[in-house]
Amino acid sequence: MDILFFVILMAIFATVFIFLGYLGYKKTKTAEDYFVAGRTMGALVIAFSYGATFISAVALIGFSGIASIYGHSILWLAFLNVFVGIFIAFVFYGLRTRKMGLSLKAMTLPELLGNRFNSVKLQQVSGLIIGVFMVAYTSAVFLAISSLFQVTFGIPYWVCVVIFTLVVGIYLIVGGLYAVMWTHAIQAIVMLIGMVILTVGVYAMLGGIGPAHEAAAALTPEMLTSIGSPAATQAPNGLTSMPSFLSQPFMMVLTIIFGVGIGVLAQPQLIIRYLTAKNEKALRLAVPYGGIFILLMTFTAFSIGPLCNVLMYQNNIMYPTKDVAGVMTANPDAVVPTIINELFPAWFILIFLFAILAAAMSTAAALFHTAGASIGRDVYEKSIKGQSSPQKSILITRIATFVIVIATLIISLNPLDVVAFMTAFFFGLMACTFLAPYTLMLYWKKTNRLGVWMGMLGGFLFTMAWYILIYFKTAPKIIGTPLLGDYMINMLDPIFIGLPLSFLLTILVSSITKQDTEEEIIMKRSFENI
Amino acid sequence: MEEVPLSLILGMDLGVFIAWIGTLLAAALCVLYGLYHQLIKKTGEKQQSQKEPEKTQEEER
Numbered sequence: 049m050d051i052l053f054f055v056i057l058m059a060i061f062a063t064v065f066i067f068l069g070y071l072g073y074k075k076t077k078t079a080e081d082y083f084v085a086g087r088t089m090g091a092l093v094i095a096f097s098y099g100a101t102f103i104s105a106v107a108l109i110g111f112s113g114i115a116s117i118y119g120h121s122i123l124w125l126a127f128l129n130v131f132v133g134i135f136i137a138f139v140f141y142g143l144r145t146r147k148m149g150l151s152l153k154a155m156t157l158p159e160l161l162g163n164r165f166n167s168v169k170l171q172q173v174s175g176l177i178i179g180v181f182m183v184a185y186t187s188a189v190f191l192a193i194s195s196l197f198q199v200t201f202g203i204p205y206w207v208c209v210v211i212f213t214l215v216v217g218i219y220l221i222v223g224g225l226y227a228v229m230w231t232h233a234i235q236a237i238v239m240l241i242g243m244v245i246l247t248v249g250v251y252a253m254l255g256g257i258g259p260a261h262e263a264a265a266a267l268t269p270e271m272l273t274s275i276g277s278p279a280a281t282q283a284p285n286g287l288t289s290m291p292s293f294l295s296q297p298f299m300m301v302l303t304i305i306f307g308v309g310i311g312v313l314a315q316p317q318l319i320i321r322y323l324t325a326k327n328e329k330a331l332r333l334a335v336p337y338g339g340i341f342i343l344l345m346t347f348t349a350f351s352i353g354p355l356c357n358v359l360m361y362q363n364n365i366m367y368p369t370k371d372v373a374g375v376m377t378a379n380p381d382a383v384v385p386t387i388i389n390e391l392f393p394a395w396f397i398l399i400f401l402f403a404i405l406a407a408a409m410s411t412a413a414a415l416f417h418t419a420g421a422s423i424g425r426d427v428y429e430k431s432i433k434g435q436s437s438p439q440k441s442i443l444i445t446r447i448a449t450f451v452i453v454i455a456t457l458i459i460s461l462n463p464l465d466v467v468a469f470m471t472a473f474f475f476g477l478m479a480c481t482f483l484a485p486y487t488l489m490l491y492w493k494k495t496n497r498l499g500v501w502m503g504m505l506g507g508f509l510f511t512m513a514w515y516i517l518i519y520f521k522t523a524p525k526i527i528g529t530p531l532l533g534d535y536m537i538n539m540l541d542p543i544f545i546g547l548p549l550s551f552l553l554t555i556l557v558s559s560i561t562k563q564d565t566e567e568e569i570i571m572k573r574s575f576e577n578i
Numbered sequence: 180m181e182e183v184p185l186s187l188i189l190g191m192d193l194g195v196f197i198a199w200i201g202t203l204l205a206a207a208l209c210v211l212y213g214l215y216h217q218l219i220k221k222t223g224e225k226q227q228s229q230k231e232p233e234k235t236q237e238e239e240r
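Those protein sequence lines, which keep their order, are chains A and B.
Each residue of the first sequence is one higher than the one before, counting from 49 in the numbering used here.
Each residue of the second sequence is one higher than the one before, counting from 180 in the numbering used here.
Take the hints with a grain of salt, since some may be wrong.
Unchecked claim - Each computed BS3-like pair below joins lysine-lysine, with the alpha-carbon atoms no more than 25 Å apart:
(1) A:LYS562 x A:LYS493
(2) B:LYS220 x A:LYS326
(3) A:LYS147 x B:LYS220
Just so you know, these hints were derived from the structure itself, not from any lab.
Everything numeric in this text was worked out from a predicted model, so none of it was measured.
Model the full structure from these sequences, guided by the hints.
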């Protein structure tokens with residue numbers, strides 16, 4: 049494919065986004081404009097922005113690569129993405145979050161927690177946790193896109209990262225959440241076009257849904273070994289069958305599914321989308337748009353991942369590999385890019401490239417915005433004595449966002465390991481830290497400050513300890529040998545223990561301690577419109 | 180390639196098929212939820228708001 053053509057299109061793409069950044073800048077007058085787009089967004093923009101934030105390049109490339117190893121059992125994650133990630137999220141969390149956010153005049157998740165429990169420290173600590181770990185997650189987004197660019201063009205990783213960061217950084221810092229959400233709407237459309245064509249193309253090549261799945265089911269471990277696919281050992285019951293209960297592949301699928309599938313409910317960058325709704329109806333009507341969008345993203349990505357093995361086998365393409373410390377190992381992140389490069393026409397390579405670019409940019413912009421707000425508004429601004437003016441508040445967050453963009457750039461230039469696990473790490477950590485306090489804050493009037501502190505810190509510390517000492521993907525890199533040798537425990541996502549623990553701590557401590565008078569007044573005000 | 184076992188549904192075993200159809204049904208649920216709030220509930224709200232002034236008129240009488 050002609051790289052000049054790509055560069056021209058990329059320049060148009062960047063110009064449109066920077067122009068939207070300028071429009072956002074003109075429209076941003078108050079802190080509310082910068083942080084929650086003036087609470088004026090309609091259903092379609094909310095749904096597309098939520099979807100584009102949720103679905104990163106990691107989900108499209110990383111997880112379809114993972115599906116090429118573990119087979120269609122990963123479709124359980126697509127089910128959770130739609131049912132929990134959209135339906136439960138909007139209906140049971142979104143509507144209440146918006147109402148409570150309005151009552152408490154909150155514009156971020158830490159601010160919601162801080163205002164609800166009358167604690168600046170709670171806001172600062174949760175803001176710090178979000179800001180720091182979000183940088184790590186954003187670096188995973190960069191890593192995913194580098195795979196595609198390296199496979200497709202051979203463009204050096206650092207060039208992609210620098211250009212990509214500059215474009216996102218400019219429109220985000222200048223235009224605030226208005227720019228982010230408008231660009232998300234465009235990016236979501238590009239993503240939809242790319243994924244729909246890819247899915248239709250793959251199924252058409254294999255003769256339709258039934259024949260494609262049957263062809264995948266018929267691949268034996270020997271056939272998979274002949275193309276170097278790790279599915280030969282990791283999908284022992286076949287690509288379209290569930291792995292045996294409690295086997296290693298089963299535990300792997302389980303940890304991937306629940307870390308991300310449930311973790312979605314407590315993602316600060318997604319929770320902000322509820323606060324941007326102009327009214328309740330906009331949130332309710334975002335449900336069908338969001339459901340269809342996520343269906344066309346994850347369901348398609350996870351469906352085609354395993355089918356890539358069939359295409360590779362039929363077309364004598366070897367499973368992609370990468371050099372890890374001198375050893376060639378399977379590279380699932382390069383599976384879909386390889387198939388597109390080998391079997392699709394040049395025009396589609398360009399479309400898909402932009403779809404992935406859009407996915408990565410949209411997620412990165414939302415993460416930068418949330419991390420900037422966390423560090424700028426929730427941590428720094430709250431440490432200044434006295435009330436900041438709206439202009440000063442925006443300026444502080446713009447500077448904080450700039451610092452975070454630069455920090456992410458530095459980390460991304462020294463990339464970390466497999467992308468999908470970074471997503472699982474972040475989603476799991478956010479869920480274990482915030483989901484219990486956030487849920488109980490919305491639904492249980494007796495929840496109090498001390499309970500929330502205990503639940504939040506208990507969940508956070510447990511999850512960190514689990515990742516450092518036990519979890520099979522992270523512990524070996526940090527302490528060498530995990531403390532426990534049993535694979536069933538090592539492979540268990542901390543969400544299975546950390547989340548119930550966090551709920552238990554919040555409920556237990558809130559039950560045995562009382563709200564102070566101020567907390568009680570705020571609690572009554574928070575529930576007034578619910 | 181080997182012959183596909185007969186127990187497969189659309190080429191998938193039961194566990195995978197439930198996930199596959201479950202995802203489609205979850206998306207359908209989202210669409211129905213939106214339609215309900217856009218069409219049925221809206222009509223209900225309109226009817227309710229039309230009834231309210233009548234009540235007020237009756238009360239005035």
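Going through the hints against the structure:
1. A:LYS562 x A:LYS493: It holds: about 11 Å lies between the C-alpha atoms, which stays within 25 Å.
2. B:LYS220 x A:LYS326: Satisfied, since the Cα-Cα distance of roughly 19 Å is no more than 25 Å.
3. A:LYS147 x B:LYS220: holds (20 Å)
Violation of the numbered hints given earlier is absent; every hint is satisfied by the structure.
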